[in-house]
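Residue numbers (full-length UniProt numbering), protein chains in the order written: chain A, 1 to 227; chain B, 1 to 237.
Hints listed in this document are in silico derivations from the structure and should not be mistaken for laboratory results.
Careful: at least some of the hints might be erroneous.
Some chain A residues near chain B, calculated using beta-carbon distances under 7 Å [stated by the list, open to error]: (1) Trp12; (2) Pro13; (3) Val70; (4) Tyr74; (5) Pro87; (6) Asp101.
Here chain A is said to cover these stretches of chain B; the calculated rule only asks that three of the stretch's residues, wherever they fall, bring their Cβ under 8 Å from a Cβ of chain A [claimed, not checked]: (7) 33–42; (8) 58–70; (9) 178–187.
Label pairs and their in silico Cβ distance ranges [said to hold, decoys possible]: (10) A:Asp200 / B:Glu230: 50 to 56 Å; (11) B:Thr161 / A:Pro145: 45 to 51 Å; (12) A:Pro50 / B:Val226: 36 to 42 Å; (13) B:Phe40 / A:Asp200: 39 to 45 Å; (14) B:Glu36 / A:Tyr52: 32 to 38 Å.
These numbers come from a predicted model, not from an experiment.
We put the CB at the ideal spot given by N, CA and C, even for glycine.
Here is what each chain is made of, one letter per residue.
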Amino acid sequence: MSKDSVKLLNFWPSVFGLRVHYALDLKGVSYDYQEESLPNKSKELLEANPIYTKIPVLIHNGKPICESLVIVDYIDSVWPGSHKLLPEDPYEKAVARFWADFGDKKLYDAGSRLIRAMGEEHKKAGKDFKWALMKIDEALGTIAPGKPFFGGDAMNFADVALAPFICCFKSYQKVGGFVLPGPEEWPNLYKWVDAVNSVDVIKISTPSDDKVAEFLERYRKHATRAA
Amino acid sequence: RMGEEGLKLLTFWSSPFACRVRLALDLKGLHYDLQEEDLFNAKSALLLESNPVHKKIPVLIHNGKAICESMNIVEYVDEVWPDRGTGFLLPRDDAFARATARFWADFVDKKFLSLTAASFKAAISSGEEKERANDEMIQDMVALERFLESQGGVFFSGSNTSMGFVDIAASFLPWWLPTYTEIGRLRVPGPDTCPLLHRWIAAVKDSPEAKAAFPDQQELLDFTKVRFEEVKKRFAQ
Numbered sequence: 001m002s003k004d005s006v007k008l009l010n011f012w013p014s015v016f017g018l019r020v021h022y023a024l025d026l027k028g029v030s031y032d033y034q035e036e037s038l039p040n041k042s043k044e045l046l047e048a049n050p051i052y053t054k055i056p057v058l059i060h061n062g063k064p065i066c067e068s069l070v071i072v073d074y075i076d077s078v079w080p081g082s083h084k085l086l087p088e089d090p091y092e093k094a095v096a097r098f099w100a101d102f103g104d105k106k107l108y109d110a111g112s113r114l115i116r117a118m119g120e121e122h123k124k125a126g127k128d129f130k131w132a133l134m135k136i137d138e139a140l141g142t143i144a145p146g147k148p149f150f151g152g153d154a155m156n157f158a159d160v161a162l163a164p165f166i167c168c169f170k171s172y173q174k175v176g177g178f179v180l181p182g183p184e185e186w187p188n189l190y191k192w193v194d195a196v197n198s199v200d201v202i203k204i205s206t207p208s209d210d211k212v213a214e215f216l217e218r219y220r221k222h223a224t225r226a227a
Numbered sequence: 001r002m003g004e005e006g007l008k009l010l011t012f013w014s015s016p017f018a019c020r021v022r023l024a025l026d027l028k029g030l031h032y033d034l035q036e037e038d039l040f041n042a043k044s045a046l047l048l049e050s051n052p053v054h055k056k057i058p059v060l061i062h063n064g065k066a067i068c069e070s071m072n073i074v075e076y077v078d079e080v081w082p083d084r085g086t087g088f089l090l091p092r093d094d095a096f097a098r099a100t101a102r103f104w105a106d107f108v109d110k111k112f113l114s115l116t117a118a119s120f121k122a123a124i125s126s127g128e129e130k131e132r133a134n135d136e137m138i139q140d141m142v143a144l145e146r147f148l149e150s151q152g153g154v155f156f157s158g159s160n161t162s163m164g165f166v167d168i169a170a171s172f173l174p175w176w177l178p179t180y181t182e183i184g185r186l187r188v189p190g191p192d193t194c195p196l197l198h199r200w201i202a203a204v205k206d207s208p209e210a211k212a213a214f215p216d217q218q219e220l221l222d223f224t225k226v227r228f229e230e231v232k233k234r235f236a237q
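The following block holds chain A by itself, in its conformation from the complex:
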């Protein structure tokens, strides 16, 4: 039986790259890792993702797959046996996809603006970020009441899509100059955070809150100076 060749091209602070790490690690897939330097992208990255020249890229048996959620979907298809990420039921699948997409449209978007913007736009980004977390707290209560994850007892597609933002919470609060509401206001969210942080394989690739905060603060200094 030939061995699969699996390689992840990534940049360690990327929440999108972390999604791919989580999917592979939850399934116990072994893979090579290549850290990319974004001002100095490797020839391999440029050839693997000519459209966007961005990480993450998964290279499986020589074929590149790009865009984090497309990659996670692909991983779930190719390695279905261990830890299925997408539910079998089409409606539950659609709900999982909806919340994964919410991570991009609302959570990432607000976080990104929080890092890059100034003044009024910065304030609004903070409000939007808190709104997004509130919606996630509500969703957890509706979709999987009494359970730790969107996927119930185990992480699913939605959990993998959203969990990478957890290590950025400290950074966003620092940059945004606010403190997030606590577990009294968002009980489901905090239970979910604890549950994610308790999953052993999640710890393998998650950078520390402080390391992320240091990176994002430097990034913000650079981004706002250039504005």
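Place chain B on chain A using the hints.
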């Protein structure tokens, strides 16, 4: 056979997102109620209940459950009714081909339906900024042409006769390109640079399902002209 009872689509006639879902439903030969939402005056209670997070159309309601986000709805429809009508929209047995289709559907969304897209920036800006953004938009269309070429058929699905996932994602373009040129005053690549894309446009416009799903071209132009002024004001620096 899974019942279509109570299949309802909450829609708006000039939404490219809603129209492409209609196209998917029609290609599958499904029967459904169409509920036109009055987006500019009052969204219906059903819409607000069905999509409380985004409050947007399209929403598909099936057996009392709401599915939101247009390409998410198309995937749902493809999974629940895989063999109906035109057959499956996403490649069934090839995970890499599926990933490729999802990538290019997402490309269409990022490049032609997003407020951060070059196409949008080109439309609302002027002078050198407009020209640069327009050039970028043309490169995006050339990228689509290259992908279409690699698929080896009339449609992005690779088939000469049936549309697939990427075709449905991009299906609004034949009706929206004239709004880019006439209202956005943008340059678009012609049949000399993008012959396959133009052949695809003609094939989509010829499809009876697409003709039924998408609005009358002149009505769309008239409506877009009015909306565009408001949009420009909102986004102009």
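Cross-check of the supplied hints:
1. Trp12: Violated. Min distance 24 Å.
2. Pro13: Where the cut-off is 7 Å and the nearest Cβ of chain B is about 21 Å from proline 13 of chain A, the hint is violated.
3. Val70: holds (5 Å)
4. Tyr74: This hint holds: tyrosine 74 of chain A lies near chain B, its Cβ roughly 4 Å from the closest one there, short of 7 Å.
5. Pro87: Violated. Min distance 11 Å.
6. Asp101: Given a least distance of 6 Å, the restraint on aspartate 101 of chain A holds.
7. 33–42: n = 0 at 8 Å, threshold three: violated.
8. 58–70: holds (count 5)
9. 178–187: violated (count 0)
10. A:Asp200 / B:Glu230: 50 to 56 Å: Because 53 Å falls inside the window, the suggested range holds.
11. B:Thr161 / A:Pro145: 45 to 51 Å: holds (47 Å)
12. A:Pro50 / B:Val226: 36 to 42 Å: Given about 39 Å between the Cβ atoms, the range holds.
13. B:Phe40 / A:Asp200: 39 to 45 Å: Between phenylalanine 40 of chain B and aspartate 200 of chain A, where Cβ atoms are some 52 Å apart, the hint is violated.
14. B:Glu36 / A:Tyr52: 32 to 38 Å: holds (37 Å)
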